[in-house]
Amino acid sequence: MGLIKWARTKSPWLLHFNSGGCAGCDIEVVAALNPKFDIERFGMLLKGSPRHSDILVLTGPITFQIKNRLKRIYNQMPEPKFVIAIGSCAISGGVYRGCYNVHEGADKVVPVDVYVPGCPPKPEAIIDGIIKVLKNYEKATP
Amino acid sequence: MSSIIKIPFGPQHPALKEPENFMFKVDGEYVVDVTPRIGYAHRGIEKALEDRTYIQDLYLIERICGICSHAHTTCYTQAVEEALKVDVPPRAKYIRTIVTELERIHNHYFWLGIVAHEIGFETLFMYTWRDREIVMDLLELLSGNRVQYAMNMIGGVRRDITPEISSKIMKGVKVLGERMKYYKKICSDDKTILARSVNVGILKTKDAISLCAVGPTLRASNVKRDVRADDPYAAYDEIPFHVVTYDGCDVASRIATRCDEVIESVEIIRYALEHLPTGSIEVIVSRVVPPAEIISRVEAPRGENLHYLRSNGTDKPSRYKVRSPTLANLTALCKMLIGGYIADIPIVIAGIDPCFCCMDRLTFVDINNDETWGWEGEKLRRYGIKWYKKQ
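So the sequences go chain by chain: A and B. Under the working numbering, think of the first position of the first sequence as 1, with each following residue one higher. Under the working numbering, think of the first position of the second sequence as 1, with each following residue one higher.
Bear in mind the hints are in silico, worked out from the structure with no lab data behind them. Careful: at least some of the hints might be erroneous.
[What the hints assert, rightly or not] With the Cβ distance kept under 10 Å, some of the chain A side facing chain B (calculated, not the full set):
1) ALA7
2) ARG8
3) GLY98
[Claimed, not checked] Rough simulated footprint, nothing fancy, chain A against chain B, three-plus residues with beta-carbon under 8 Å:
4) 36-48
5) 86-97
6) 131-139
[Unchecked claim] Partial pick of chain B residues on the chain A-facing surface, computed with a CB cut under 10 Å:
7) GLY66
8) PHE110
9) TYR127
10) THR331
Yeah, the Cβ is synthetic: ideal placement off N, Cα and C, and Gly gets one too.
Let the hints inform the model, and build the full structure from the sequences given.
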């Protein structure tokens, strides 16, 4: 394993973005930071800027207004980048399916690597999802 | 040479989580004008409510906001129950009250952590969030879920409180109350917090009333107004409690108000558990609601929550309208920001406990040359902490 890959998998930085959800998933993402769940033990840090981030943690259905902003944030992230869709809304629109202003799923706008189901998923599930992304990346690249 | 800069405070932030954009006009270090631009989180819920039955709507209403989900469903079920002219059993009313107050504790602990994060006091952020897990565990024990509790149903509540759960809640809230007394002491003694919160984000009593502020924001401006006391719902007419007010009109008062509200909530929960009536927790109700027009109010953790229901005799509402507390506080927020420092923007916005998530980018507009640039919320937060270190 090269040095860069080692650094990437041992300390990925997260970017949290709410694309119009109810904040339920968001408080669970932030709860994963607290001393009880403590994602920093995996070297993960929540970052404010897309340019510094490796993994986009996406919650909520994509509203029409937020779509362009999401695309912009995704394009600003450096390669290799991963997207995790948290919660039922980010997977399929969830309870908002059929509303006139939502895209019904994050994968209609940006490519998604891992889906974490639940409304909202527990912090343990979110951590598990992030670890899966890293495991897959480790396996896929020599 | 003065210059007006535009700062967009817009849709993505590490601590606050809903999408919202503010356009600030600043002259040097002072905020001259602010324009909020809302709608990033518009999903079309009110229209969707009209296409679904009352029982399906319960789940959609709960997902208006993940943090005050119980307050929204309480408001909704009250409106539908009034239209149906059913009386909820007293035990169900008490359980609703207990969950409402647990939610208030969860929300205020959450908020205190966010405020600590915004002023760069990460230790307090970690402490409050660690203690918040106690109330999250209690809510999970009680309802089976950490965030969307789904406790309310039309005509009662879904789950009962057993004596074992009751004793666990008693133990948990005792710890939470004691911890909050400790945090209150920190917030009123610590020089760092006082320097960042006293006389910051002033909202005078007169302005608070004329701009229709609600909730702790209003009570921190010395106005004794609380739906729980003024227009009692659920079991609040039988439970004694104080309405907390402070007269500082600044962020420090808002912190103190919320700290005291948690201590008050602990007392309410204790009283409700001790005086929990016996009997059933639900009544069976008709799925078809007769024509009626109802306004229902609930004191959510962030302030007064107002729902309007118009039914037409079918199993679907013909119009439903939600006025959430953040919308009511938005005009007051603009008043607080104007005349303040740029460095104070994050703490003042966090001070009203806003419920729009992603406030991550600010646009600064320079008044003189109309120059515009963008800042992320995180960058602004760091700027605020650095600027205060220099003072």
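Now for the hints, and whether the structure bears them out:
1. Annotation: ALA7/A was flagged as interfacial toward chain B, and the flag is violated, the nearest CB pair being 21 Å apart, outside 10 Å.
2. A least Cβ separation of about 20 Å between ARG8/A and chain B goes past the 10 Å threshold, and the interface hint is therefore violated.
3. This hint holds: GLY98/A has a C-beta 6 Å from the nearest C-beta of chain B, less than the 10 Å allowed.
4. Interface restraint, the segment 36-48 of chain B with chain A: holds (9 residues with C-beta to C-beta distance below 8 Å; minimum three).
5. Coverage of the segment 86-97 of chain B by chain A is violated [criterion: at least 3 residues with CB-CB distance below 8 Å; count 0].
6. Coverage of a stretch by a chain is defined here by at least three residues with a beta carbon nearer than 8 Å to that chain's beta carbons; for the segment 131-139 of chain B and chain A the count is 3, and the condition holds.
7. The restraint placing GLY66/B at the interface with chain A holds, with a minimum CB-CB distance near 2 Å, inside the 10 Å limit.
8. Because the beta carbon of PHE110/B sits about 7 Å from the nearest beta carbon in chain A, less than 10 Å, this interface hint is met.
9. A distance limit of 10 Å between C-beta atoms decides the matter here; for TYR127/B the minimum to chain A is near 8 Å, and the interface restraint holds.
10. Among the interface hints, the one on THR331/B is violated; its C-beta lies about 22 Å from the nearest C-beta in chain A, farther than the 10 Å criterion.
Hint compliance for this structure: hints 1, 2, 5 and 10 are broken, all remaining hints hold.
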